[in-house]
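Those sequence lines, one after another, are chains B and V.
Heads up, the first sequence is in the numbering used here, so the first residue is 1 and it goes up one at a time.
Heads up, the second sequence is in the numbering used here, so the first residue is 156 and it goes up one at a time.
By construction, these hints were calculated from the structure, which means they are not laboratory data.
Glycine included, every Cβ here is placed at the ideal spot set by N, Cα and C.
Warning: the hint list may mix true and false statements.
[What the hints assert, rightly or not] Under the rule of at most 20 Å between Cα atoms (straight-line distance), these lysine to any residue pairs were calculated in the SDA-like manner: (1) Lys-9/B / Ser-169/V; (2) Lys-15/B / Leu-315/V; (3) Lys-147/B / Ala-105/B.
[Stated by the list, open to error] In silico negatives: residues of chain V with every beta carbon more than 12 Å from chain B: (4) Ser-169; (5) Lys-182; (6) Leu-188; (7) Arg-344; (8) Gly-411; (9) Arg-502.
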Amino acid sequence: MSTALWKTKVDEVTKQRGKARETLLPCLEAIQEVSGYIPQEAVSYLRENLDVPSVDIYGVITFYGMLTTKEQGKYVIRLCNSLPCYLNNSENMLEVIERELGIKAGETSPDKNFTLEVVPCLGLCDKAPAMMINDKIYENLTEESAKKIIAELKG
Amino acid sequence: MEKILTKNIDKPNSQDIEVYLADGGYKALEKVLTLKPEEVIDEVKKSRLVGRGGAAFPVGLKWSFTSKEDGEPKFIVCNADEGEPGTFKDRVILRNDPHLLLEAIIIGGYAIGTSHGYIYVRGEYYPEIEVLEKAIKQAKEKGYLGNNILRSGFSFNIQLYKGAGSYVCGEETALLESMEGNRGSPDCRPPFPAQSGFLGKPTAVNNVETLANIPAIIINGGNWYSKIGSPGSPGPKLFCLSGQVNKPGVYELPTGIPLRELIENYGGGVRGEFKAVLPGGVSSSLLTDLDVKLDYKSIAKAGSMLGSGAVIVINSDTSMIDVAKNTIDFFAHESCGKCSVCREGTRRAREIITRFANGGGRAEELDLLLELGEVMYDTACCGLGQVAMSATTSAIKLFRDEFEQKVRE
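Isolated chain B (complex conformation) (with noise of 0.2 Å):
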C-alpha cells in the first residue's frame, strides 16, 4: 500500500502508453489495482502528469463502479444480484454473506478486511448464483458453499 508502488505503476503506464488524455482510466486502474483505492495525492500526480483538471478525474472515478476513493477492505466480494443470478437465489446468497461478516452491501468491515458490493451481471449466469473477491470467481453458490469461502477468509 505504499505511496511509491502506485507511482511506480503510473510511470509504468505513461511510459508505455503515453501522457495524452487517453492514458487516465489505465492510470487510475493500475492505482486502484495496487492501493485498493484512489488516494488524493494520486489524483494530484495524475494531475501534474496527464495535465487533466482535478474535477475531471474525480468525475471520472465517481463514474466507474470499480474505483474509489474509498479505502476498501483485503477481500472486495462482489456479488452478482441480475436477474439470472435473482433467479437462483442470490438475494439468499446475500443474507448469507451479510450475517457471516456482520456488514451489509456497500460497506467494509471494521478490520478493513472485506468489502461487500451487490454487483450487475458478472457474466456467469450459467454458474447463477455466482461472485467476485477480488480477482477469484465463486460459481453455483449455496448457503453453506458461502459460508465455507467466507470462514476460510477469515482464517
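Keeping the supplied structure of chain B fixed, place chain V upon it in accordance with the hints.
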C-alpha cells in the same frame, strides 16, 4: 450444424497460437492480405452478417462507411465490454479462442484501412484479460501483428483497454468516451462512430461474437455464410441460456431455431413450469410463446428483441413484480444520468415498482408506467434509456393481474 464460433473451445490449450494454427488459424488473414480491402468488405456484405452485440447492424455496411470516410487515422475497436445481464457468450471466445478474435480484428483493420486496433474488455474479466495479453504477445512473435505482417506491407497493432465497471460503456459512443479518458456517457448520434469516433476519427466498433464470424466468411465465402440459419438474418448465433432452466450455458445454433428447441433439446427443459422468457437479456420484452423463432426479425415481430441472445427463462414460481423490480433497479443504477428522461424515468419507475413489491401500489400508476415506457423509448438519448422499461412494461401487459393484486386496499 458444423460449429463456426465455438469449434476450438474444447480443444486442450485452445488459447495457444500453435493449437490455433494447427487447424487453419490465420489462413483467413493470409488470404485477405492478397485481396483488396474493397473485396474483403464485399465478401462480408454478401454474408449479410449483422452485429451480435445487440443492435444487429449490417457489418459490411459499417466497414464500408468507415473505410470511405476522409479522416485519418481510422480505428477499429472490438467491443468486449459484455455486460447485458444474462450475456456470457463473448467471454467464451475471449477465454478459449483469443486468436480467432485477433485474426478477425486484423482483417477488419485491413478492410477499413487502419493499423490501429483496440479491444475494450470488461474490467471484471480478469482471466480473459490475461489470455488476451498473452495471445497478443504470441501473435506479435509469429508476425501476425506488428510491422509488415507476413511481408505484405500491412502493419497492425492491437492495444487493450480495460473497463472499470460500467454497463453503459457497452454502448459504442460511451465506450469511446471511456477510452478517451472521460465519464462513459453516450453521445447523441449522428455523428456515428464511423464518421466521428475515437479521438474524432472514423471508427468501426464491432462486438466480439460479430468479429468471430469473419475468418469463416473469408475462407468459405459470403454466399456460403448467408445460407446458414434464418434467411432474414443468417449465420450461427451464440445463445446464452440462463435463469430457471436445467442446463444453462452457451449454445451455438443457427439463427431461427424455435425457442422451445433451445430450452428443451439443449437446455434440458425448464426448472419448474414455464412462465415467460426474456429473449435478449433484461433490455428485451417478455415473451410467453415457446414457438417463436430465435432470429432478429421473428423476435421483433413478436414484440421483443433478440439483442445479444441472452435467453433468460422464468418459471411459474416467480413473481413478475420481482422480475420488474430487479430489472428497473438495474437500469436505475446503470443510467449515466446525462439525459433527464432516463435519469428521472428509471428512478420514478423504480419508486413505483418498489411500492407494488411492498403491496402498496396505486392502481392508476400501472398505466402511468406504460406511458413512461413509451416516452423513454421515444426520447432517451441512447439504447439504455430506450429499453430500460421493456421488461417492466411487458410484465404489466402480460401479467397485469399480478400487479393489480398488489394495489393498496
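Tested hints:
1. Lys-9/B / Ser-169/V: violated (32 Å)
2. Lys-15/B / Leu-315/V: holds (16 Å)
3. Lys-147/B / Ala-105/B: Between Lys-147/B and Ala-105/B the Cα gap is close to 16 Å, so the pair holds against 20 Å.
4. Ser-169: holds (18 Å)
5. Lys-182: Non-interface label stands for Lys-182/V: nearest chain B Cβ at 30 Å, farther than 12 Å.
6. Leu-188: Its Cβ never comes within 12 Å of chain B, the nearest being 28 Å, so this holds.
7. Arg-344: At roughly 20 Å from the nearest Cβ of chain B, Arg-344/V sits farther out than 12 Å, so the non-interface label holds.
8. Gly-411: holds (23 Å)
9. Arg-502: Answer for Arg-502/V: holds, closest chain B Cβ roughly 16 Å.
Violated hints amount to a single one, hint 1; each of the other numbered hints is respected by the structure.
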